[in-house]
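Undergrad: Residue-level listing of the chains:
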Amino acid sequence: MRVEESLAEKSSDFSAIVESAAAHLYVWALKDIPQDLRDALGDAAEKETSVIGQRVLQTILRNVNVAEDEKNLVCQDTGIAVYYCRVGEHFPLHPVRIYAALKEGTERATVEHPLRSNTVHTLTRESTGPNVGFRIPIVHWDFVPDWDGLDVKCVPKGSGSENMSFLKMCVPADGVSGIKRFVLESVVGAGGKPCPPGIVGVGIGGSADYAMHLAKEAIARSVGTRNPDPLVAQLEDELYELLNETGVGPMGLGGDVTVLSVHVENADTHMTLNPVAVNYQCWAARRASAHIAADGAVEYERDA
Amino acid sequence: MATHEVTFPVTDPAEILKLRAGDEVIVQGHIIGIRDRTQIRIFDEGIEPPMDLTGAFLLHTAPGVRKVGPGRYEKICIGTTTSARMVRFTEGLGARYGVRAICGKGGFPDEAVEPMHRLGMVYFAIVGGAAALETTQIEEIEEVAWEELMPECLWKFRVSDFGPLTVGIDAHGSSLYRDVQDRARKKLEDIYARL
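Each protein sequence line maps, in turn, to chains A and B.
The numbering of the first sequence is the numbering used here, which starts it at 273 and goes up by one.
The numbering of the second sequence is the numbering used here, which starts it at 215 and goes up by one.
Among the clues, some could well be false.
[Unchecked claim] Pairs of lysine to any residue, SDA-like flavour, derived with a Cα cap of 20 angstroms:
id	chain 1	residue 1	chain 2	residue 2
1	A	K319	A	Q330
2	A	K303	B	Q351
3	A	K343	B	R255
Derived from the structure by calculation, the hints contain no laboratory data.
Computed from a predicted structure; not experimentally measured.
Start from the sequences and build out the full structure, keeping to the hints where you can.
TA: See below:
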């Protein structure tokens with residue numbers, strides 16, 4: 273009996289810790305973009321040769337500094353709160369409770385800051401609450417054996433870029449060139465709408481839904497990281513070069529830099545499937561992370 | 215490519231006609247915030263907007279604000295949304311209400327080029343996502359109508375040195391977006407031939 277009580281107590285402490293971490297991460301991600309992204313934007317400004325492209329990139333760099341000086345949000349679109357959780361097998365809080373705590377944290381950050389609330393019922397379009405709703409926030413789960421920690425990464429996802437998501441069930445005969453064509457077509461077709469130059473997330477293989485899931489995982493990586501599979505990494509490099517040949521440029525107004533990076537995540541697939549999904553992340557590729565240890569200690573990391 | 219300063223609302227059509235696609239523009243005066251639901255109310259539900267839009271500059275926005283009194287709001291974070299969703303309202307805004315400029319991010323598709331040419335209107339491209347900077351250029355929220363559509367109300371902002379904006383579509387039938395797409399499509403043909 274005493275053991276059960278102490279477990280319940282521990283569980284509620286951990287819920288509070290995860291809730292606070294989520295609230296902190298959501299606001300922090302919106303205000304202070306990671307160093308790898310700042311570097312990539314700086315490099316883009318060095319490369320860009322068009323007058324209008326320079327105008328856009330210099331404004332972006334100025335905006336990042338103003339957000340810091342004014343302690344304001346980088347972008348007004350507070351997005352949909354998306355969390356990526358890596359849960360250790362021995363972490364003291366069950367994922368059911370982790371989800372509830374992330375939801376509470378999202379709500380608390382929205383009310384206390386206050387942040388613009390975006391969530392609505394899909395059919396009635398009426399607000400469902402402070403950036404929470406049925407199945408919102410969205411959480412990606414990864415479970416880690418022989419570990420007792422929890423990593424939480426918050427990636428608020430704006431709608432301008434999320435609206436530029438595309439799926440194609442290529443056939444095996446389309447091959448790798450079919451995948452490349454679809455990514456090129458998607459990014460050129462999106463033009464300035466997803467706030468380029470950003471990160472192009474590509475998911476290949478698996479099934480229709482899983483390809484899009486992988487594309488979303490891809491945009492949460494640090495800018496410029498490479499897939500560990502050399503074949504996939506090569507595809508990332510090739511797509512990066514090809515996309516930057518299209519001349520779409522910053523905000524779709526023409527220029528040399530159309531994308532900052534291309535990240536591809538892959539899964540194996542059925543012999544007759546060749547799914548490819550594109551999920552765009554805008555230049556304001558916001559993310560922030562926390563590591564929660566089994567003793568309840570929380571470490572925050574902006575650049576993870 | 216020239217740089218201009220324009221104060222809104224404009225009374226002289228020459229202020230719009232002098233602008234060419236690609237030019238840089240800094241805006242002073244008053245601008246009106248508007249979004250999807252605001253325009254659905256005006257055009258689909260046929261409800262007259264309770265603000266004068268003659269010569270106006272419309273900004274595609276749903277601002278983050280704090281309520282400080284009845285009908286009074288303070289800015290928190292004001293940025294700009296994707297314009298393409300709202301392109302079908304262009305003709306009505308120009309012909310019926312005399313709007314002269316529409317500002318948003320991501321551009322308008324080609325269907326906006328002809329009415330903007332005919333009606334003497336421009337599309338200004340702002341840098342999407344650069345809301346922290348944009349917020350500092352909005353001095354005050356002077357008026358708000360249709361609060362029940364929060365945050366997609368009709369907003370009146372007083373601005374100072376708002377920009378830099380780029381003329382994306384001018385009143386002479388030119389569109390940077392169309393030019394960029396045409397060039398990119400040609401480039402894609404080259405690329406596909408190499409794959």
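Undergrad: Give a verdict on every hint.
TA: Here is what the structure says about each hint:
Taking the CA atoms of K319(A) and Q330(A), the gap is near 12 angstroms; set against the 20 angstroms cutoff, the hint holds. Taken as a hint, the K303(A) and Q351(B) pair is honoured in the structure, with Cα atoms around 18 angstroms apart against an allowance of 20 angstroms. Our distance criterion of 20 angstroms between C-alpha atoms is broken by K343(A) and R255(B), whose separation comes to about 35 angstroms.
Checked against the numbered hints given earlier, the structure breaks only hint 3 and satisfies all the rest.
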